[in-house]
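K.L.:
Chains as they are written, first to last, in the numbering used here: chain H, 446 to 928; chain R, 4 to 319.
Some clues are possibly wrong.
Beta-carbon label-pair distances, calculated as ranges [unchecked claim]:
1. H:Val687 - R:Met306: 39 to 47 Å
2. H:Arg605 - R:Val286: 36 to 44 Å
3. R:Arg255 - H:Lys871: 39 to 47 Å
4. H:Gln598 - R:Arg255: 34 to 42 Å
5. H:Thr752 - R:Gln88: 50 to 58 Å
6. H:Gly766 - R:Lys131: 53 to 61 Å
7. R:Gly36 - H:Asp479: 41 to 49 Å
8. R:Asn31 - H:Val701: 34 to 42 Å
9. R:Leu16 - H:Ala658: 15 to 23 Å
Take a look, some chain R residues computed to stay more than 10 Å from chain H by CB distance [unchecked claim]:
10. Asn68
11. Thr103
12. Thr174
13. Gly250
14. Val287
Residues from chain H shown here face chain R by an in silico Cβ test under 8 Å; the list is partial [as the list claims (entries may be wrong)]:
15. Ala477
16. Pro480
17. Thr490
18. Gln574
19. Gln579
20. Met583
21. Ala618
22. Val619
23. Leu635
24. Asp827
25. Gly845
26. Ser891
27. Thr897
28. Asn898
Read the hints as simulated data drawn from the structure, not as lab findings. By construction, the Cβ of each residue, glycine as well, lies at the ideal position given by its N, Cα and C atoms.
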Amino acid sequence: MSGTFFGINVAESGLAAQRRAMDVLGYNIANANDPTYKRQRLVLTEGQFLAQSQEANPIGSSAFGSGVNSGDIERIRDPLIENRLRQAMTASANWNYRQSAMSELESTIGEPSDTGLQNDLDNFWSSWQKVATQPDSMPTRSGLLQDADALCQRLNYVSRQMSDMVGDLNLTAVDRVSKINQMAGEIGLLNNQIGSLTSGAVPVNDLLNRRDALVQELSKVVDITQHGDSQEGFVISIGGTVLVQGTKVNKLKTVVDANGNQQVGWERDGASVQINGGELQAITTLRDQTIPGYINQLDQVAQHLVTTVNEQNRRGIDLNGNAGGDFFQNFPTGVTAANITLHYDSNPPDVSNPAIVDHPERIAASIPDNPATTVVEGGIGDGSNAVLIAQLKDAPTTTGYTINEMYRNLVGDIGGTSATATTQAKANQLSLDQFTTQQQSISGVSLDEEMTNMIKFQQAYNAAAKVLGVMNDMLNTLVNTNM
Amino acid sequence: MRTTLSQQIQSSLMFTDVASQKLTDAQNHAASGKRILKPSDDVPGTSRDLSLRSSINSVNQLADNVTVSKPTVDATESSLNDLAQVIGNIQLLANKAANTDYTGNATESYVTQLDGLMGQLVDIANTKFGDQYIFSGTATSTPPVQANPGPVPDPAVQPYIYAGNNGVRTTQVLSWVSLPVNIPGDKVFNFDSGAGHPAGAGTTDIFTMVKNLRDAINSKDVTSISAQLTNIGKNYDNVLTCQAQIGSWQGRMDGAQAVLSDTGDRLKQMLSDTEDIDLPQAVVDLKTQENVYQTALTITSRMLNLSLASINLTQN
Numbered sequence: 446m447s448g449t450f451f452g453i454n455v456a457e458s459g460l461a462a463q464r465r466a467m468d469v470l471g472y473n474i475a476n477a478n479d480p481t482y483k484r485q486r487l488v489l490t491e492g493q494f495l496a497q498s499q500e501a502n503p504i505g506s507s508a509f510g511s512g513v514n515s516g517d518i519e520r521i522r523d524p525l526i527e528n529r530l531r532q533a534m535t536a537s538a539n540w541n542y543r544q545s546a547m548s549e550l551e552s553t554i555g556e557p558s559d560t561g562l563q564n565d566l567d568n569f570w571s572s573w574q575k576v577a578t579q580p581d582s583m584p585t586r587s588g589l590l591q592d593a594d595a596l597c598q599r600l601n602y603v604s605r606q607m608s609d610m611v612g613d614l615n616l617t618a619v620d621r622v623s624k625i626n627q628m629a630g631e632i633g634l635l636n637n638q639i640g641s642l643t644s645g646a647v648p649v650n651d652l653l654n655r656r657d658a659l660v661q662e663l664s665k666v667v668d669i670t671q672h673g674d675s676q677e678g679f680v681i682s683i684g685g686t687v688l689v690q691g692t693k694v695n696k697l698k699t700v701v702d703a704n705g706n707q708q709v710g711w712e713r714d715g716a717s718v719q720i721n722g723g724e725l726q727a728i729t730t731l732r733d734q735t736i737p738g739y740i741n742q743l744d745q746v747a748q749h750l751v752t753t754v755n756e757q758n759r760r761g762i763d764l765n766g767n768a769g770g771d772f773f774q775n776f777p778t779g780v781t782a783a784n785i786t787l788h789y790d791s792n793p794p795d796v797s798n799p800a801i802v803d804h805p806e807r808i809a810a811s812i813p814d815n816p817a818t819t820v821v822e823g824g825i826g827d828g829s830n831a832v833l834i835a836q837l838k839d840a841p842t843t844t845g846y847t848i849n850e851m852y853r854n855l856v857g858d859i860g861g862t863s864a865t866a867t868t869q870a871k872a873n874q875l876s877l878d879q880f881t882t883q884q885q886s887i888s889g890v891s892l893d894e895e896m897t898n899m900i901k902f903q904q905a906y907n908a909a910a911k912v913l914g915v916m917n918d919m920l921n922t923l924v925n926t927n928m
Numbered sequence: 004m005r006t007t008l009s010q011q012i013q014s015s016l017m018f019t020d021v022a023s024q025k026l027t028d029a030q031n032h033a034a035s036g037k038r039i040l041k042p043s044d045d046v047p048g049t050s051r052d053l054s055l056r057s058s059i060n061s062v063n064q065l066a067d068n069v070t071v072s073k074p075t076v077d078a079t080e081s082s083l084n085d086l087a088q089v090i091g092n093i094q095l096l097a098n099k100a101a102n103t104d105y106t107g108n109a110t111e112s113y114v115t116q117l118d119g120l121m122g123q124l125v126d127i128a129n130t131k132f133g134d135q136y137i138f139s140g141t142a143t144s145t146p147p148v149q150a151n152p153g154p155v156p157d158p159a160v161q162p163y164i165y166a167g168n169n170g171v172r173t174t175q176v177l178s179w180v181s182l183p184v185n186i187p188g189d190k191v192f193n194f195d196s197g198a199g200h201p202a203g204a205g206t207t208d209i210f211t212m213v214k215n216l217r218d219a220i221n222s223k224d225v226t227s228i229s230a231q232l233t234n235i236g237k238n239y240d241n242v243l244t245c246q247a248q249i250g251s252w253q254g255r256m257d258g259a260q261a262v263l264s265d266t267g268d269r270l271k272q273m274l275s276d277t278e279d280i281d282l283p284q285a286v287v288d289l290k291t292q293e294n295v296y297q298t299a300l301t302i303t304s305r306m307l308n309l310s311l312a313s314i315n316l317t318q319n
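Put together the whole structure using the sequences plus the hints.
P.N.:
Right under this line is the structure:
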């Protein structure tokens, strides 16, 4: 025989449990729109079987529990899916960054169009044809110098844009490193707080959610591996080296290398960081390999242009019958797309090689008298040398490609890399979306489910209240019995 | 699979994002009329596109070369016509002079006529087209025929000298064809007379030829006058040969122009095929994407409204 008030206690534990369940449900609904929130559930267990209770003698009747226990509030999650989601985020962030950088590059070169570098190149060659046809016309010669100048400036511009991108990438690298440090620091603090609170309480769940969100954000910036869940066992590492362990944080820093680029290293010992993914890897790859490669290709175009045109211009004679000099400035330190310009006077001026800029008559359009034959060539109406220079358009350089082809290859390379980045970004976005959906399916809040649960808890609460009421009636009946 | 609110939002966003991106793409292509807006749209296509643009530029420039050079050739041709006419007149005059009975002052009219013709010859030789002397080879700023200052050659023997050069100005009319646009004056006026010259051995330059005829007429020696006829005839033939040459260059320039305009049209067509959109296709694509986007939006707005929470759950 159980105690008089035993049933009331059981009913009361039911009421309390349903109320608590409703609290958790309300919390879920309140956070339904927070993408980092993981739904929570009250774990209900049967009340303890009371060995010392009124049911001391189990013979003939089965023992039963003392009501319902409302214990831990657990977060519903699947660490495996979260891990996959993090990897997808790393890949997606990496390709997204590449894609946006490549499309910026594409708009820098602005091809195909009537106004790109290709057009400037074509105009340059055409102008030589014009001079070849009318070598004694000063306006035509000035036109050539203008077109050549436009070509130089375009090469300067494109090269500068690319260098600027490298500069921007350096700034971004520094920014991302400080972001990593900041997030790592925050994770360390969270670990400290989590350790000091009892597990299962709502605040701990919120801290865990916050930590998960930070780890996700971190995985967009750089590829990380994370294992362990407890306070001290929680480890995040980059490329095999620990970034965060429990409350301890191993910070990163940036070091300027020989090329003036910001390289990422560990603050502790300066060792370089093994970066295999995420935005940071996209940044360093673009900065150290991709864009310098394009700048180099553009430099090649400029160098071959200068070498071949200068060489042929030197073989000719100018309008005044003087031997031709350099057409483009030949820098002793090497010609690049960034510095290519028309030949100007050195200081002091070199009398054997005077400036061509502002001196259209210096264009060596004619071929000098050839002593080998008795042919007298090279009057001011002779444009044979200009023809030879114009024909350089279709002449392969030492690279095996013509100058135009070298530029086309560059455009093709940029286009190809950009197309790959776009495709990869789309594909990775798709897989990221898939994992996000999957993760949200497990940890997200379903309003329908919460609504259904609400009815469930409400009904259970009503029923428990009813039981309490009937119990009360029964006690009343007992107490007020007129014996 | 459990369906949750964030999951629904996530997939709705995914679908509307993809649909709106495709719609924007379709809009960009339809509005610009271009299939290739950036290299990554079609990498081999971009390369072909740039190559075609470069070729079109070349073809335009070559056509320009023809346009610029052709008038010079035409001017040379008309000068040669004039020249042939003058030499023809000289030939007539010489024939007449050779059959004249020289009594009294009959020589005077011939001499006057010859002086006039000599003046015409010098004018023709120093014809300018634009700023250029057309018969001075590549020394286009030098008058090609000038009075002989002596002492070598002797001005009494050769009244005029050639001050130009024998340079030939050429112009590229097709990528594999260069054509001359001038005939140096020494060829036309036979200054380089000699065994190698088309006019043949024993001939003199045209101006010496006129002077010799004038001397012969002045001497009233019919035999000596007749002797000049061979030289005149050979020089006349030489001018006709030059005319034929010019004529053939004109023909080839016209031919080149036709080829260039043909090639240009074909290249432009190819460029258009490479980079332009198929307009009806683009419009259909645009419409389709519009519908897809519209549908995605409609579905999203309907789906997100559906929930038990939106149904009145007030208890009884």
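K.L.:
Are the hints correct? Go through all of them and say.
P.N.:
Hints and how they fare:
1. A hinted range of 39 to 47 Å holds for the C-beta pair Val687 of chain H and Met306 of chain R, which are about 45 Å apart.
2. Distance hint check for Arg605 of chain H and Val286 of chain R: the Cβ-Cβ separation is about 40 Å, which falls inside the suggested range of 36 to 44 Å.
3. About 55 Å separates the C-beta atoms of Arg255 of chain R and Lys871 of chain H, a value inconsistent with the hinted range of 39 to 47 Å.
4. At about 39 Å, the beta-carbon gap between Gln598 of chain H and Arg255 of chain R stays in the expected band of 34 to 42 Å.
5. Here the CB-CB span from Thr752 of chain H to Gln88 of chain R is close to 53 Å, well matched to the stated 50 to 58 Å.
6. With their beta carbons about 21 Å apart, Gly766 of chain H and Lys131 of chain R fall outside the hinted range of 53 to 61 Å.
7. Gly36 of chain R and Asp479 of chain H have their C-beta atoms about 46 Å apart, which keeps the hinted 41 to 49 Å range intact.
8. Checked against the given bound of 34 to 42 Å, the beta carbons of Asn31 of chain R and Val701 of chain H, roughly 41 Å apart, stay inside it.
9. Checked against the hint of 15 to 23 Å, the C-beta distance between Leu16 of chain R and Ala658 of chain H comes to roughly 18 Å, which is consistent with it.
10. The Cβ of Asn68 of chain R sits about 5 Å from the closest Cβ of chain H, inside the 10 Å cut-off, so the non-interface label is violated.
11. Distance to chain H confirms Thr103 of chain R as a non-interface residue, since its nearest Cβ pair spans about 43 Å, more than 10 Å.
12. Some Cβ of chain H comes within 10 Å of the Cβ of Thr174 of chain R; the nearest lies about 5 Å off, and the non-interface call is violated.
13. Listed as outside the interface, Gly250 of chain R is consistent with that label: its C-beta sits roughly 21 Å from the nearest C-beta of chain H, beyond the 10 Å cut-off.
14. Against the 10 Å criterion, Val287 of chain R stays outside the reach of chain H, whose nearest CB is about 23 Å from its own CB.
15. Restraint check, Ala477 of chain H versus chain R: the minimum CB separation of about 5 Å is within 8 Å; hint holds.
16. Contact between Pro480 of chain H and chain R, as hinted, is supported at the beta carbon level, the nearest pair being about 6 Å apart and thus within 8 Å.
17. At about 23 Å, the closest approach between the beta carbon of Thr490 of chain H and any beta carbon in chain R exceeds 8 Å, and the interface hint on this residue is violated.
18. Taking 8 Å as the C-beta contact cut-off toward chain R, the hint placing Gln574 of chain H at the interface holds, the least distance being around 5 Å.
19. The restraint placing Gln579 of chain H at the interface with chain R holds, with a minimum CB-CB distance near 6 Å, inside the 8 Å limit.
20. Below 8 Å, beta-carbon pairs count as interface contacts, and Met583 of chain H has none with chain R, the closest being about 10 Å; its hint is therefore violated.
21. Given hint, Ala618 of chain H at the interface with chain R, is violated; its Cβ is 25 Å from that chain's nearest Cβ, farther than 8 Å.
22. The criterion of a C-beta within 8 Å of any C-beta in chain R is not met by Val619 of chain H, whose closest approach is roughly 29 Å, and the hint is violated.
23. Checking Leu635 of chain H against chain R by beta carbon gives a least distance of about 22 Å; that is not within 8 Å, so the hint is violated.
24. Against a cut-off of 8 Å between C-beta atoms, the interface hint on Asp827 of chain H holds, since the closest Cβ of chain R lies about 4 Å away.
25. For Gly845 of chain H, the interface hint is violated, since its Cβ never comes within 8 Å of a Cβ in chain R; the closest pair sits about 16 Å apart.
26. The beta carbon of Ser891 of chain H is positioned within 8 Å of a beta carbon in chain R (closest approach about 4 Å), and the interface hint is therefore held.
27. With its C-beta approaching chain R no nearer than about 7 Å, Thr897 of chain H sits inside the 8 Å limit, and its interface hint holds.
28. Restraint check, Asn898 of chain H versus chain R: the minimum CB separation of about 10 Å is more than 8 Å; hint violated.
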